[in-house]
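Here are the chains, one letter per residue:
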Amino acid sequence: MMTRSSLALGIGRAGVTAVALASIALPARGSLVMALTLDELVWRADRVVVAEVLDVRSSWDERREQIRSRVDLRIVEAWKGGMPADYRISVEETGGTVDGITMRVIGAPRFVRGERSVLFLRGPAAAARVVGMAQGKRGLRQDAASGRWIAEAAAGVAATVSPDPSGRLFPAPPDPARPLDELRAEVLRLSSQRAR
Amino acid sequence: MRRRASAPVRRWAVVVAARATILTSAAAIAATAAPAPAHGYARFRSDSGTPMRWFESCVFITPSTNPSPDLTADQIAATARSSLDVWDRDTLACTYLDLKVLAPSPDASFVRADGVNSLVFRQARWCREPARTSGQGDDCYDPSALALTSVFLRNRPGDPEDGRILDSDVEVNGVNFRWSNIPDGGDPGGQAQDLANTLTHEFGHLIGLDHTCYTGGAAARPTDHTGNGVPDCAAASPDVRSTTMFASTGRGDLDKRTLEPDDQLAVCETYPIANDPARCVGVDLDGGDGCSTAGGGAGSAGGLWAVAATAALALAATRARRLRPRGRRQRTSL
Numbered sequence: 299m300m301t302r303s304s305l306a307l308g309i310g311r312a313g314v315t316a317v318a319l320a321s322i323a324l325p326a327r328g329s330l331v332m333a334l335t336l337d338e339l340v341w342r343a344d345r346v347v348v349a350e351v352l353d354v355r356s357s358w359d360e361r362r363e364q365i366r367s368r369v370d371l372r373i374v375e376a377w378k379g380g381m382p383a384d385y386r387i388s389v390e391e392t393g394g395t396v397d398g399i400t401m402r403v404i405g406a407p408r409f410v411r412g413e414r415s416v417l418f419l420r421g422p423a424a425a426a427r428v429v430g431m432a433q434g435k436r437g438l439r440q441d442a443a444s445g446r447w448i449a450e451a452a453a454g455v456a457a458t459v460s461p462d463p464s465g466r467l468f469p470a471p472p473d474p475a476r477p478l479d480e481l482r483a484e485v486l487r488l489s490s491q492r493a494r
Numbered sequence: 032m033r034r035r036a037s038a039p040v041r042r043w044a045v046v047v048a049a050r051a052t053i054l055t056s057a058a059a060i061a062a063t064a065a066p067a068p069a070h071g072y073a074r075f076r077s078d079s080g081t082p083m084r085w086f087e088s089c090v091f092i093t094p095s096t097n098p099s100p101d102l103t104a105d106q107i108a109a110t111a112r113s114s115l116d117v118w119d120r121d122t123l124a125c126t127y128l129d130l131k132v133l134a135p136s137p138d139a140s141f142v143r144a145d146g147v148n149s150l151v152f153r154q155a156r157w158c159r160e161p162a163r164t165s166g167q168g169d170d171c172y173d174p175s176a177l178a179l180t181s182v183f184l185r186n187r188p189g190d191p192e193d194g195r196i197l198d199s200d201v202e203v204n205g206v207n208f209r210w211s212n213i214p215d216g217g218d219p220g221g222q223a224q225d226l227a228n229t230l231t232h233e234f235g236h237l238i239g240l241d242h243t244c245y246t247g248g249a250a251a252r253p254t255d256h257t258g259n260g261v262p263d264c265a266a267a268s269p270d271v272r273s274t275t276m277f278a279s280t281g282r283g284d285l286d287k288r289t290l291e292p293d294d295q296l297a298v299c300e301t302y303p304i305a306n307d308p309a310r311c312v313g314v315d316l317d318g319g320d321g322c323s324t325a326g327g328g329a330g331s332a333g334g335l336w337a338v339a340a341t342a343a344l345a346l347a348a349t350r351a352r353r354l355r356p357r358g359r360r361q362r363t364s365l
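If you read the sequences in order, they're chains A and B. In terms of this note's numbering, the first sequence opens at residue 299 and continues consecutively. In terms of this note's numbering, the second sequence opens at residue 32 and continues consecutively.
It is possible that part of the hints are untrue.
Stated by the list, open to error - Using C-beta positions, here's what the derived DEER-type ranges look like:
| no. | chain 1 | residue 1 | chain 2 | residue 2 | range |
| --- | --- | --- | --- | --- | --- |
| 1 | A | 357 | B | 257 | 37 to 45 Å |
| 2 | B | 122 | A | 490 | 53 to 61 Å |
| 3 | B | 155 | A | 422 | 17 to 25 Å |
| 4 | B | 252 | A | 490 | 33 to 41 Å |
To be verified - Covered stretches of chain A, going by a simulated chain B footprint (3 or more residues, C-beta under 8 Å):
| no. | segment |
| --- | --- |
| 5 | 355-368 |
| 6 | 394-405 |
Keep in mind the hints are simulated off the structure, nothing from the lab. Backbone N, C-alpha and C define an ideal beta-carbon position, used for all residues, glycine too.
Bound conformation, chain A alone (with noise of 0.2 Å):
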């Protein structure tokens, strides 16, 4: 459970982050978006989860202008935000599908029912949004030969930028697709250290 301090700490580090990145990482995705290191989504997310899509829903909003997506999700295993396994909570996107209908906003990230993924969560567990679009989910599959969990690589992500021998920033390869267990350890150690 975040308290009020780590939350006004949160918003400290926030704004010295956003002025760090500011002069970093510009790489873009359907939309224009700046690359997050995983350290930076686990800060800047409120619940770190491994989830398992239950339903996607989609309709028009209250006036008519925009398809809003809910995303009801049970949790599997919590990592950060402190969640019993098989908690429920949707996320909120906007974009979906109604009556042949698609708003599609470039570089949000899109759910499919049956699915499970690594999520970074901000808001309230009612309605939450997904840290820096895309970059805040990676998508699981079971390796058939070893049965092992893979969280793949983020959609649309570049995770670091560098600079290529004319001076201009490119992005790194993003954080690689790598065993569950690994990107587990890797966000508690990430999240006890922001703890700190």
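Starting from the known structure of chain A, fit chain B onto it as the hints suggest.
Just chain B, lined up with the frame of chain A:
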């Protein structure tokens, strides 16, 4: 609801259609001058895999009247115009695509399916405007997003209009980032993003183009126009990296202001002049082609553009009114 064009506009449409026919032979010649690809380009696709595109000859972009802290509304409109021009038939003889920036309007402050393709600078809040009523969750965008492009499209497998772009809006984050026209000396501190660089890339998305490289992860790798998967961004060749639709930019980057051969080929093949629909005001959100008012595919003059623009704004305003809630009203069939 299908709207009928007025008699003068219909006559104009006939004239312009005739001009388009005459110019078709010239188009064939121009098409042969299409740029040779370096590698490939990719397009957004509907769920059935149909590439997305506009069905009209022309697309109107309307800047909102919000200025940014560093740029006036007029400067933003001028930058939008120059960023659109590089994708336009006036620059590329192989395409019929006619892209125009209309006068700034308060109607363009919203991202919604209203037929107004908005360019909005957000500077007070990096959030949806107007805010939703309370108790309906967070309406604010991720602060890491510099700019967002939202697209409405028909997405119905088997429908002849599957993949048709209906509305597209671009929002720029003026809350967390500074914007400028760097070549004009607008960034003495070296801390700003070049607006034209960003808008040229975003307008590529607006006309239906995907990135020229794959950024990894669970999302499907886009296929290029030859049917092959696009290369990984991290391993992309310099040619691919230099494209406007490459998925990366850096602060101070100006290279995306101009198109590379792959970007040009994308426009030439998606909107080839030989296939000009000769229709400018076309999207009827109630279904069907709607207003068959305008040609404009070839040779349209400024005065005719004004007529088309006026018609577009009037139609958009009507749609906007229709789509807003009025107590108990019938659901609009999109």
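Now for the hints, and whether the structure bears them out:
1. Look at residue 357/A against residue 257/B: about 38 Å separates their beta carbons, and that is inside 37 to 45 Å.
2. One distance hint, 53 to 61 Å for the beta-carbon pair residue 122/B and residue 490/A, holds here, with the actual separation near 55 Å.
3. Look at residue 155/B against residue 422/A: about 23 Å separates their beta carbons, and that is inside 17 to 25 Å.
4. Distance hint check for residue 252/B and residue 490/A: the Cβ-Cβ separation is about 36 Å, which falls inside the suggested range of 33 to 41 Å.
5. Counting residues of the segment 355-368 of chain A whose CB falls under 8 Å from any CB of chain B gives 6; the rule of at least 3 is met.
6. Given as covered by chain B, the segment 394-405 of chain A passes the check, having 10 residues with a CB less than 8 Å from a CB of that chain where 3 are the minimum.
The structure meets every hint from the earlier list without exception.
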